[in-house]
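S.K.: Each chain, letter by letter, is given below.
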Amino acid sequence: MQQGHKTTGKTFAFLSSVVILLLIWWLVSLILKNPAVPPPLDALKSFVSAIQRELFTHLGVSLYRVLVSLFLATIMGVPLGIFLGKNPEIDEKIAPMIYLTYPIPKVVFMPIFLIVLGIGDTSKIVLITLITFYQILVTTRDAAKNLEKEYVLSVRSLGAGSWELYRHVYLPGCLPAILTSLRLGLGTAMAVLFLAETYATQTGIGFFIMDSLSRMNYEGMFAGIIAMGLMGFILYLMLDGAEKVLCAWKQRAS
Amino acid sequence: MEHNYISIKSLKADYRQKKQSVVALESVDLSLPKGQRGVIIGPSGCGKSTLLNVLAGLNQSYTGQVLVDNQPPICGGKTALILQEYGLLPWKTVWDNVILGMELRKKSSPEIKEATQKVLEKLGLLSMAKRYPVQLSGGQRQRVAIARALILEPQLLLMDEPFSSLDALSREEIQDSLLKIWEETRVTMLLITHNIEEAVFLGQKIFVMSSCPGHIVQEIENRMAGDYNLRGRVQFLEMCNQLRSCLRGGEYYAAGA
Chain A
27 MQQGHKTTGK
37 TFAFLSSVVI
47 LLLIWWLVSL
57 ILKNPAVPPP
67 LDALKSFVSA
77 IQRELFTHLG
87 VSLYRVLVSL
97 FLATIMGVPL
107 GIFLGKNPEI
117 DEKIAPMIYL
127 TYPIPKVVFM
137 PIFLIVLGIG
147 DTSKIVLITL
157 ITFYQILVTT
167 RDAAKNLEKE
177 YVLSVRSLGA
187 GSWELYRHVY
197 LPGCLPAILT
207 SLRLGLGTAM
217 AVLFLAETYA
227 TQTGIGFFIM
237 DSLSRMNYEG
247 MFAGIIAMGL
257 MGFILYLMLD
267 GAEKVLCAWK
277 QRAS
Chain B
52 MEHNYISIKS
62 LKADYRQKKQ
72 SVVALESVDL
82 SLPKGQRGVI
92 IGPSGCGKST
102 LLNVLAGLNQ
112 SYTGQVLVDN
122 QPPICGGKTA
132 LILQEYGLLP
142 WKTVWDNVIL
152 GMELRKKSSP
162 EIKEATQKVL
172 EKLGLLSMAK
182 RYPVQLSGGQ
192 RQRVAIARAL
202 ILEPQLLLMD
212 EPFSSLDALS
222 REEIQDSLLK
232 IWEETRVTML
242 LITHNIEEAV
252 FLGQKIFVMS
262 SCPGHIVQEI
272 ENRMAGDYNL
282 RGRVQFLEMC
292 NQLRSCLRGG
302 EYYAAGA
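Those sequence lines, one after another, are chains A and B. Residue 133 in our numbering sits at position 107 of the first sequence, with consecutive numbering throughout. Residue 207 in our numbering sits at position 156 of the second sequence, with consecutive numbering throughout.
Everything labelled a hint here was simulated from the structure, so no lab data went into it. Do not rely on the hints blindly, as some may be mistaken.
25 Å max Cα-Cα, derived DSS-like pairs, lysine-lysine [claimed, not checked]: (1) B:K143 / B:K85; (2) A:K270 / B:K173; (3) B:K63 / A:K175; (4) B:K158 / B:K143; (5) B:K143 / B:K173; (6) B:K181 / A:K112; (7) B:K85 / B:K164; (8) A:K175 / B:K143; (9) A:K276 / B:K143; (10) B:K158 / A:K276; (11) A:K32 / A:K112; (12) B:K143 / B:K129; (13) A:K171 / A:K32; (14) A:K171 / B:K173; (15) A:K119 / A:K32; (16) B:K85 / A:K175; (17) B:K181 / A:K270; (18) B:K173 / A:K32.
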């Protein structure tokens, strides 16, 4: 019963937020009276029309780039992060390198990647992977480092070896932090994706938005913005759902 | 002659604290016969947990002789360890926590299922099998930790202040349960506690430790331990007082002597 009230409350809050955002958008378009900010209804109509034509292909390309990048960043960042968190003596040697390179805005390497890896998907995927990899690596390492020592001791006392500790303690224990870093990484990945798709490419939503802008097709531009927003939102929802399933124990705690 | 299940001679052990090695134990001699309940009591920081970690095979950084059933201690052998905060994994249900040790020992699924049902039933936890530790009370969590240890049918049960976070009544209730389990299994037990009453109620042998670095200053044979009605008796209170003064630096003298 209480759970039902909670869900209804959440749905109501979500729908209210959507209505408020649409209202703000509509008011801004009314105040500015600028074709660059069309009213929500016009933009939505344009989105529905564009998605039935070329926007769908661009959306597919962008989705592919983001998903592959996040996947690569995860399969590299998670094992390495857990390994460093579990082995502080090795982390001590690696940490200065991470500390030095983490704050560098990796997006500045985009021209180098374009030259070295070409203008295809590879350069864009490598750039997004590199940026999100750091976020996942650092968050996972810190989570593994701060894991309760009692968990490790108790499972070791049962006879667990190194691999079993990863499987039963470190990976599930770090999972909430990994999913949080993925959610944060997703936001960054979308921003970098937009930037990467505005140069030397003719595919992707970033290209679609900038191409519409150059042709002063503002409604088309907004259709691209909506597509990118929706893509980010749906991916975010999927990560949220994954957390509910994979970290059910956290839900019970709250 | 009684066979000593635990035999420790001239043990010196370190533990790591902020990248430094600290001597936790020095010249520790301790022996506990098979099937007895030993209790270690002493001030905070006297190395009690380090001693238990050595016996559980978790701390290999020691010198001297440590034998458990005539063998150097190893992890995952015939020894089970229950930690202060129980060491239950919050992401596993009660059932999954309990079966973990058997899974690690590569037991067959039917064997695991049968043993788990049996041990959960014995400890009154069967209805909570699908719950997560966070959904349990302190006493219930403690029972899960005991179930996880007992399912492995250990020969030695080590417990590091297992009842310290329980309220007084739950603590007494679970002390009684532990005693019942011991009566059924006759497992050798070594328990660390800060609680004088607990030491007198449970410990057939009480080892009093000094601090910095820890060593055994007194070994007390306690013949009244294990009587369920002991707590209200005058002798019990007398012995508690004697142990208290011993911990404060005085000498212990046998009750009635």
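S.K.: All hints, please: hold or fail.
M.R.: Here is what the structure says about each hint:
1. B:K143 / B:K85: 33 Å, violated
2. A:K270 / B:K173: 33 Å, violated
3. B:K63 / A:K175: Holds. K63 of chain B to K175 of chain A sits at ~23 Å (cutoff 25 Å).
4. B:K158 / B:K143: 19 Å, holds
5. B:K143 / B:K173: Holds. K143 of chain B to K173 of chain B sits at ~20 Å (cutoff 25 Å).
6. B:K181 / A:K112: Between K181 of chain B and K112 of chain A the Cα gap is close to 29 Å, so the pair fails against 25 Å, i.e. violated.
7. B:K85 / B:K164: At roughly 29 Å apart (the allowed maximum being 25 Å), K164 of chain B and K85 of chain B break the hint.
8. A:K175 / B:K143: Given pair K175 of chain A, K143 of chain B holds - Cα atoms ~17 Å apart, limit 25 Å.
9. A:K276 / B:K143: 11 Å, holds
10. B:K158 / A:K276: 29 Å, violated
11. A:K32 / A:K112: Between K32 of chain A and K112 of chain A the Cα gap is close to 38 Å, so the pair fails against 25 Å, i.e. violated.
12. B:K143 / B:K129: It holds: about 24 Å lies between the C-alpha atoms, which stays within 25 Å.
13. A:K171 / A:K32: Violated: K171 of chain A and K32 of chain A sit about 34 Å apart, past 25 Å.
14. A:K171 / B:K173: 37 Å, violated
15. A:K119 / A:K32: 48 Å, violated
16. B:K85 / A:K175: 30 Å, violated
17. B:K181 / A:K270: 17 Å, holds
18. B:K173 / A:K32: 37 Å, violated
Consistency note: the structure conflicts with the earlier hints numbered 1, 2, 6, 7, 10, 11, 13, 14, 15, 16 and 18.
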